[in-house]
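Take the given structure of chain C and dock chain P to it, following the hints.
Okay, here's what each chain looks like letter by letter:
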Amino acid sequence: MKQREGYLQIDHRSSPGLTEQQAETTRLPPQLLREGKMLELATLTCSHCKTVQIKNPLRTRERAHCPECDHYICDLCGIAYRQTSVCRPWAQVVEDVQSGRTPVPVLARPV
Amino acid sequence: MAKRVFQASNWTPTATADTTNLANATYMALQGGSATQNINVNEVMIEGLAGSSSPTILQLARDSTVMATPTALAAPNSDGPLNPATAALAAAPVSAVAAGTAPQRAATTTLARLNFSLNAFGGIIRWLAARGEEFGILGNTASNGEVSLSAFTGGTVGAVSAHIVYEPF
Numbered sequence: 001m002k003q004r005e006g007y008l009q010i011d012h013r014s015s016p017g018l019t020e021q022q023a024e025t026t027r028l029p030p031q032l033l034r035e036g037k038m039l040e041l042a043t044l045t046c047s048h049c050k051t052v053q054i055k056n057p058l059r060t061r062e063r064a065h066c067p068e069c070d071h072y073i074c075d076l077c078g079i080a081y082r083q084t085s086v087c088r089p090w091a092q093v094v095e096d097v098q099s100g101r102t103p104v105p106v107l108a109r110p111v
Numbered sequence: 112m113a114k115r116v117f118q119a120s121n122w123t124p125t126a127t128a129d130t131t132n133l134a135n136a137t138y139m140a141l142q143g144g145s146a147t148q149n150i151n152v153n154e155v156m157i158e159g160l161a162g163s164s165s166p167t168i169l170q171l172a173r174d175s176t177v178m179a180t181p182t183a184l185a186a187p188n189s190d191g192p193l194n195p196a197t198a199a200l201a202a203a204p205v206s207a208v209a210a211g212t213a214p215q216r217a218a219t220t221t222l223a224r225l226n227f228s229l230n231a232f233g234g235i236i237r238w239l240a241a242r243g244e245e246f247g248i249l250g251n252t253a254s255n256g257e258v259s260l261s262a263f264t265g266g267t268v269g270a271v272s273a274h275i276v277y278e279p280f
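If you read the sequences in order, they're chains C and P.
Position 111, counted from 1, in the first sequence is what the working numbering calls 111; the numbers after and before it change by one each time, with no gaps.
Position 133, counted from 1, in the second sequence is what the working numbering calls 244; the numbers after and before it change by one each time, with no gaps.
The following block holds chain C by itself, in its conformation from the complex (with noise of 0.2 Å):
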């Protein structure tokens, strides 16, 4: 696991696991989530809304990167950026409910 990344365990060692069905709910690839299987995936947290997501080692697109913050933002907050340039990280969301600034959380994208 890499510094920024977060870890995801889904253990079906002692358990039925789920169906090809279930797992479709994941969006994960369901042989993974048979009887008998043990994941272990990073996450990624983003930078400007805290979405968490499970990293795709298959991705071959970009992930969407915030050069002011320096750090992984999501799709969602990557389109925004790309939009208008704002960077508004979600520590500055807190400082600003925290000092007054804004009476609710204040995203750089809308929600």
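Cβ-to-Cβ under 7 Å is the rule here; a few derived chain C residues that face chain P:
#, residue
1, Glu5
2, Gly6
3, Tyr7
4, Gln9
5, Ser15
6, Pro16
7, Leu18
8, Gln22
9, Thr26
10, Val52
11, Trp90
12, Gln98
Just so you know, the hints here were simulated from the structure itself, not pulled from any lab data.
Don't be surprised by glycine CBs; every beta carbon is placed ideally from N, CA and C.
Just chain P now, kept in the frame of chain C:
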């Protein structure tokens, strides 16, 4: 500013659609202790306890309706600091499995939601955030001020035990 763990033992979620009242004892909800409190969720672990195959679609999701008049936790459920030397908080986060006004899981597609699908017949899921990459809760109002761990529709839900490690600031 110390890590705490909120855990509920041997509870059975109920498959519930988004924006629908979550029935008491079928969820774990964590709400900010004040309008400006910031909380980081560091870890979620769920252990299946069902006695037969029970595909369970659990989700840690933000709530579009936050709970009101929450019921104080009763044993064996608990919420306490990991370090016994931790001082009492001025605004303690609210952790509950029952409330007078039930929380409702948000349906907004652009809000963060963690999916923890497992077979509760022996399945285990654990998510651990890297430092600085935690799942955030801010304030105590919808939708960023509360998260709940509950079962989405589908599957044949089974009993689980779960804990959420978090750090209020």
